[in-house]
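S.K.: Listed below are the residues making up each chain.
Number of protein chains: 2
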Amino acid sequence: MSNAPVSFAARLATKINTTGTVLCVGIDPHPHLMHSLFGGTDAIPGSPEALTHLEAFCSELIDAASGKVPAVKPQAALFEQHGPGGMRVLADIARKAREASLLVIMDAKRGDIGSTAEAYASAWLGPDALFPSDALTVNPYLGLDSLMPFITQASAVGAGLFILARTSNAGSRDLQQLDAGGTPIWAHLARLIAPVVTDNLDAIAGFSSIGIVAGATGPDEAHALRTELPTAPFLIPGYGAQGASATDALAGLIRDNQNKLTGGLVNASRGISHCAAAQTAADISSWRRAVNDALSHATDALAS
Amino acid sequence: MSNAPVSFAARLATKINTTGTVLCVGIDPHPHLMHSLFGGTDAIPGSPEALTHLEAFCSELIDAASGKVPAVKPQAALFEQHGPGGMRVLADIARKAREASLLVIMDAKRGDIGSTAEAYASAWLGPDALFPSDALTVNPYLGLDSLMPFITQASAVGAGLFILARTSNAGSRDLQQLDAGGTPIWAHLARLIAPVVTDNLDAIAGFSSIGIVAGATGPDEAHALRTELPTAPFLIPGYGAQGASATDALAGLIRDNQNKLTGGLVNASRGISHCAAAQTAADISSWRRAVNDALSHATDALAS
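Here the protein sequences come in this chain order: Y and W.
When the first sequence is numbered by our numbering, its final residue is 309 and no position is left out of the sequence of numbers.
When the second sequence is numbered by our numbering, its final residue is 309 and no position is left out of the sequence of numbers.
No lab work stands behind these hints: they were computed from the structure.
Mixed in with the good hints, there may be bad ones.
Stated by the list, open to error - Per label pair, the in silico range of CB-to-CB distance:
#, chain 1, residue 1, chain 2, residue 2, range
1, Y, Asn22, W, Ser71, 54 to 62 Å
2, W, Asn8, Y, Ala61, 32 to 40 Å
3, Y, Leu38, W, Arg100, 52 to 60 Å
4, W, Arg100, Y, Ala161, 49 to 57 Å
Claimed, not checked - Listed below are several chain W residues computed to face chain Y (Cβ distance under 8 Å; list not exhaustive):
#, residue
5, Ala82
6, Leu135
7, Tyr146
8, Asp204
We put the CB at the ideal spot given by N, CA and C, even for glycine.
Please put together the full structure from these sequences, using the hints given.
M.R.: Written out as C-alpha cells, the structure is:
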C-alpha cells in the first residue's frame with residue numbers, strides 16, 4: 006500500500022462525477038453587500054459582531070452547497086479585511102467545508118519567491134495546513150521558480166493549484182494580453198507551466214492537479230489555453246455577476262467519454278449568495294430558499 | 006487647516022533624512038533559521054510556544070532598528086504560516102514598529118480585482134487598518150484596474166504602495182523580462198503606472214507615494230525604471246543574502262540637492278537578522294550585539 010495522498014485531480018474528478026456539475030460556489034462576504042440577517046452593511050470590520058455574522062453567512066453557504074456542488078471558493082481578502090479574527094473564521098469555515106464534503110478552493114492569489122513561497126504553501130495547502138485548502142490560487146508574475154515551492158508542496162500533500170493565467174477583468178489586457186514575439190503573455194505562461202502540469206497528471210482522473218485561472222470573459226483565450234494545457238483543470242471566474250454567459254464560461258472545459266463536462270470548475274459568487282431574491286429576503290427561510298434556487302439555476306445553466 | 010493625512014512620501018523622506026540611511030530591515034522569521042533563543046527550528050507552526058518566540062524575535066528586531074533606519078519590512082508569509090495566531094502577531098508587531106517610529110513596509114504581495122482589491126487595501130493600508138501598514142507591496146499581473154483600489158485607498162489614508170516591477174529572483178526573466186514590441190514587460194508596467202505615480206507626487210517630499218519593487222540583482226533595469234518613473238520610491242530587495250552588491254542595490258536610487266541618497270529603500274533581511282554571528286550567538290546579549298553590528302555594517306556599506 007502506498008502512503009501517497011489522493012491527488013487533488015482525483016478528488017475533483019470524483020466530486021464532479023458525484024454531484025454532476027462543475028459549479029463552484031464562491032464564498033464572498035462583501036461587507037457592503039451583507040444582508041441584515043448577517044449584520045447588514047455597517048458592521049465594524051473585525052468586531053466580535055462582524056465575525057459572528059461572517060461565520061454565520063459562510064456556514065449558510067456551506068450548508069447550501071454541501072452535496073450539490075464539488076467545491077466552494079472562499080475569497081481570502083474578505084476575511085483578511087476583518088484582521089486576525091477574520092483569518093480565524095476563514096480557517097474555521099475551511100474546516101467546516103471540508104467536513105461537509107466540499108473541496109476548498111482558496112482564492113488567496115499568493116505569490117513570492119524561495120522560502121517565502123514555501124511559507125505560503127505550507128500555510129494553505131493540504132489538510133494539515135493552518136488554513137486547510139484543497140487548492141490555492143497563485144500569481145505567476147514572479148516566474149516559474151516562484152511557483153515551484155507551491156507545486157512541490159501541493160504534490161507532497163495531494164493539493165492543487167490554480168495559477169492565474171488570464172483573469173476576467175478588463176485590466177487583463179494591460180500585461181497578460183501583451184504580445185511578446187507573436188504570443189500573448191498568458192500563452193507564454195501556459196508554455197512555461199506545461200511541463201509541471203504534465204508532471205502532476207493523475208492518469209486515472211484524466212487531468213492534473215496543477216491548473217490555471219482562465220476568466221469566463223475570454224472564451225477564445227480559454228480555447229487556446231485548453232490547446233496548450235490539455236490536462237490542466239481550469240478555474241473559471243467571471244460567470245454571472247461579471248457578465249460572462251454559461252457558454253463562454255464553459256469554453257475551457259472538456260467532455261469525458263460519456264459526454265459529461267469535466268476538467269475544471271466554473272465559479273459563481275454574488276449570483277448565488279447575493280442574488281436579488283436573497284438580498285430582499287424577509288427572513289432566513291426565504292434567504293435559504295433564494296440561495297438554493299439560485300444554486301439550482303446556475304447548475305442547470307451550466308448543464309448542457 | 007487641512008485634514009489630509011501626511012503622505013507616505015513625506016514620512017519616508019523625513020525618516021531617510023533623520024536616520025541618514027536608506028536601509029530597511031526585513032523582518033523574516035524563517036522557521037528553519039530560528040535561533041534556539043527564539044525556540045529553534047522544531048517549533049510547531051501556530052503553537053503558543055512558536056507564537057511567543059515569533060513575537061520575541063520580531064520585537065528584538067524592532068528594538069534594534071528603531072531610530073537607526075527609516076523602516077522595517079515584515080514578510081507576511083512567515084506569519085501566515087503560523088495561521089490566525091501568526092496573523093495576530095503580525096498585526097501586533099506592525100503596531101509596535103509604528104510606535105517605535107519605524108515605517109512598516111508590509112511585504113504581502115497582494116493583488117485582486119474590484120471590491121476584492123478594496124478589501125485587501127482596507128486590511129493593510131493606513132494606521133486604522135487591522136494590519137496597520139505605512140506601505141504595502143502589490144502584484145500587478147491583473148492590470149491597472151486591479152491596482153486602482155489600492156491606489157485610491159493609499160491616497161485616502163496617506164499610505165504608500167510598492168508595485169512589483171522587476172523582482173530579484175532568476176525567474177523574473179520568465180514573464181517580467183519578456184519583450185513585447187521592443188519593450189520588456191516591466192517597462193510596459195512602468196509606463197502603465199507612470200500617470201498614477203505622478204498623480205501621487207508629494208512636491209515637498211520630492212517623490213510619490215506610489216513606488217515599485219526593483220530587485221537589486223538588476224541594476225541596469227533599475228536605471229531604466231528610474232528614467233521611466235523619476236519620482237517613484239523604489240523598494241529594493243536582493244541586497245546581501247540574495248547576492249547583489251551595495252552598488253547594484255543603489256542603482257535605482259537618487260541623490261538630493263545635498264548629494265544624499267533618497268528615493269527609496271534597500272532591504273536587508275537575513276544578512277542582518279540571521280547573520281553568521283547572530284546565528285552562532287551563545288546568548289541574547291551576543292545576539293543583540295551581532296544584529297546591531299550587522300545593521301551598522303549594512304548602513305555603512307550603503308553610505309557613499
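S.K.: Can you let me know if the beta-carbon spacing of asparagine 22 of chain Y and serine 71 of chain W is within 54 to 62 Å?
M.R.: 58 Å, holds
S.K.: Measuring from the C-beta of alanine 82 of chain W to each C-beta in chain Y, is the shortest one below 8 Å?
M.R.: With a closest approach of 4 Å, the alanine 82 of chain W hint holds.
S.K.: How about leucine 135 of chain W: closest beta carbon in chain Y under 8 Å, or not?
M.R.: Result: holds, 3 Å to nearest chain Y Cβ.
S.K.: For the hint 49 to 57 Å, verify it against the beta carbon of arginine 100 of chain W and that of alanine 161 of chain Y.
M.R.: 36 Å, violated
S.K.: Answer holds if the nearest beta-carbon of chain Y is closer than 8 Å to that of tyrosine 146 of chain W; otherwise answer violated.
M.R.: Holds. Min distance 4 Å.
S.K.: Using the nearest Cβ pair, does aspartate 204 of chain W come within less than 8 Å of chain Y?
M.R.: 17 Å, violated
S.K.: That 52 to 60 Å hint for leucine 38 of chain Y and arginine 100 of chain W (C-beta), does it hold up?
M.R.: 30 Å, violated
S.K.: Could you check the hint for me, namely that asparagine 8 of chain W and alanine 61 of chain Y are 32 to 40 Å apart, CB to CB?
M.R.: 37 Å, holds
Going down the numbered hints, you'll see the structure goes against 3, 4 and 8, while the others check out.
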